[in-house]
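Asker: What follows is each chain in one-letter form.
2 protein chains.
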Amino acid sequence: MEPSTRESPSVVVLRWGHRERDKRLTAHVALTARALGASGLILADVRDDKVKDTIDMVTERWGGTFLFEMGKPWKQTVKEWKSKGGLVVHLTAYGENVETGDVLQRIKAAGKNVLVLVGCRKVPTEFFSEEVSDFNVAIGNQPHSECSSLAIFLYRFFGGKGLSKEFEGAKIRIVPQARGKKVVKA
Amino acid sequence: MEPSTRESPSVVVLRWGHRERDKRLTAHVALTARALGASGLILADVRDDKVKDTIDMVTERWGGTFLFEMGKPWKQTVKEWKSKGGLVVHLTAYGENVETGDVLQRIKAAGKNVLVLVGCRKVPTEFFSEEVSDFNVAIGNQPHSECSSLAIFLYRFFGGKGLSKEFEGAKIRIVPQARGKKVVKA
Chain U
285 MEPSTRESPS
295 VVVLRWGHRE
305 RDKRLTAHVA
315 LTARALGASG
325 LILADVRDDK
335 VKDTIDMVTE
345 RWGGTFLFEM
355 GKPWKQTVKE
365 WKSKGGLVVH
375 LTAYGENVET
385 GDVLQRIKAA
395 GKNVLVLVGC
405 RKVPTEFFSE
415 EVSDFNVAIG
425 NQPHSECSSL
435 AIFLYRFFGG
445 KGLSKEFEGA
455 KIRIVPQARG
465 KKVVKA
Chain B
285 MEPSTRESPS
295 VVVLRWGHRE
305 RDKRLTAHVA
315 LTARALGASG
325 LILADVRDDK
335 VKDTIDMVTE
345 RWGGTFLFEM
355 GKPWKQTVKE
365 WKSKGGLVVH
375 LTAYGENVET
385 GDVLQRIKAA
395 GKNVLVLVGC
405 RKVPTEFFSE
415 EVSDFNVAIG
425 NQPHSECSSL
435 AIFLYRFFGG
445 KGLSKEFEGA
455 KIRIVPQARG
465 KKVVKA
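Chains U and B, in that order, give the protein sequences.
So the first sequence is residues 285 to 470, counted in my numbering.
So the second sequence is residues 285 to 470, counted in my numbering.
Simulated from the structure, these hints should not be mistaken for lab results.
Heads up, the list lumps identical chains together, so a pair's fine if it works in one copy or across two of them.
Listed below are the simulated SDA-like cross-link pairs for lysine to any residue, each with C-alpha atoms no more than 20 angstroms apart in a straight line: (1) K445 to L388; (2) K465 to F412; (3) K368 to K396; (4) K336 to P427; (5) K307 to R405; (6) K465 to T384; (7) K334 to R305; (8) K359 to G324; (9) K336 to G301; (10) K466 to A377; (11) K455 to A470; (12) K359 to P408; (13) K307 to C404; (14) K359 to K406; (15) K465 to L388; (16) K469 to G348; (17) K334 to R308; (18) K334 to D306; (19) K465 to V387; (20) K455 to Y378; (21) K466 to R345; (22) K356 to E410; (23) K466 to S413; (24) K366 to R463; (25) K406 to R308; (26) K466 to G385; (27) K466 to S448.
Computed from a prediction, not measured in an experiment: that's the story for all the values here.
I would like the entire structure built from these sequences, with the hints used as guidance.
Answerer: Structure (structure tokens):
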């Protein structure tokens, strides 16, 4: 995956620090990335076929072109992303608060594609440095969940459009209901 | 916990279906609830002291009055909530899409306190019924994460204010930084 050449900026998520015990949470992060408008997720440094299968099955069934890649070294991924003109945003509780500052406006004003770094646990200190991240962004400055942080970042970045996009090639889709469940074959 | 009598509506989260294997995700859901402005979380039907300790420790350290309760039967909780004039919102991928419809406006227009039902797994069918939920709300109609759904619902419900609130009695707090980490004792 690389910064695409489409007109409206796209987002790819890099999941750092995944371990065996993180299967479920990483799957939630990947599904969040997909549902909120990101183009793909890179599971950095390690492989996890079980998580990949889960995500690929969802994409196969529910549509779209979400790419799940594994095993790519994070440093190399970041370096390549930057060399191709993309921005790197590190989501961290310590960063500039998306609500009380203008960091999101500055990111959007750059008009570039974004690689979002999402850690599984305490990240290397270098994630905060200019060599790695162009921006450090906090979704509030309280400890909570990388899943929630990613969801809100993508929600704000795409202005909510991620939630109303159509997923091409979907085999099934949900028709929103006030009561009950309605699923149709697409 | 019950619908409070404060002027601006408050939100309590009811986590249904928690099991031993859900510890981590439930903790993420509870921390999300806290960080995004909810008043508390009820772990319905079961107890989990480990999760409670985790959440209480965060509240002790980072401040605020977030209440974590356990073991209350969900049916009784919903019944009491409604009898005291509160609204019940069920978060589900099958519900009215918060982005493409007016469900959130209708919820906010009611001006009542909200109990948000968040499932851990497939919920009982009755969650969709009028006896239980006043509204069924979807954060997009794609499968993703209850953590992300809750985060975005709370973000929209409170208009982002949850992310800038001060947590009273905090022992430490983060000062947002463009680079690095800054934590101060409060």
